[in-house]
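Peer 1: Sequence:
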Amino acid sequence: MSSYDFLAGCYDRLTYDVDYAAWADYIEKHFARRGLPGKTVLDLACGTGSLTHELALRGYEMIGVDLSAEMLAEAAEKNRGVGPIEPIFLCQSMDKLDLYGTIDACVCCLDSVNYVTRPQLLQKAFERVHLFLMPGGLFLFDVNTPQKLQAMDGQVFLDETEDTYCVWRGEFSRRSGICSYFMDIFRLDEETGLWERGEELHQERAYSLEELTAMLEQAGFRDIKTYGELKMRPPVQGEGRVFFAARKD
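Residue numbers for the sequence shown follow our numbering, beginning at -16 and rising by one.
Each hint should be verified, as a subset may be incorrect.
In silico SDA-like cross-links for lysine to any residue, where the CA-CA straight-line distance does not exceed 20 Å [stated by the list, open to error]: (1) K61 / G42; (2) K22 / S76; (3) K107 / M198.
The set of hints was computed from the structure by calculation and includes no laboratory data.
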């Protein structure tokens, strides 16, 4: 079982409730508050490119990076002809990020940072983002908090649409700090009318806010601030998602 090989074809159907316009609104609030040197934005771990699409429509020159070729295929099709400049997509892991030039901002959304389960690789990823950012550039990302991931232990979830059915359960290891999601996915093939079944394993690591702040500092970031979920205020106790905003001097 590998992440997103089978899920890519039905990811958008299962995440129909994600309001990407609201996420883009929130991102632009940070851009306006901090100011950007330009309009080139990296969508790191872009998935099927829904957020890339939304930001491209708003005039940003977008670069999408993801490790899954299957997800990138969906993203490329979705973003064909979008924006003043059509987004480009690269198949890369975060820790080996290698761009053709500099960027003015990097966004990494929907707890993608948690998916980097080895701290040393996340440290490298932060360093690669810092390397390609212009001075004054902004790095904005969100994470699931340790409390939220711990609460997933033993829980069973069901997502269902007319042509997709996904049931998954969470198991959290306090020893490793990793939450594993075991997914059974069924999707309807429109051509044959038959249901296909796939299995995937997804894992997220619980990082404390202190760990992430230290890693950002080590990578060279400054002016590091945390925010509540889609809020412009500091996080409060019990919030399951926290945003980080960090600047390159």
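Peer 1: Please go over all the hints and tell whether each is borne out by the structure.
Peer 2: Outcome of the hint check:
{"no.": "1", "hint": "K61 / G42", "result": "holds, 16 Å"}
{"no.": "2", "hint": "K22 / S76", "result": "violated, 23 Å"}
{"no.": "3", "hint": "K107 / M198", "result": "holds, 9 Å"}
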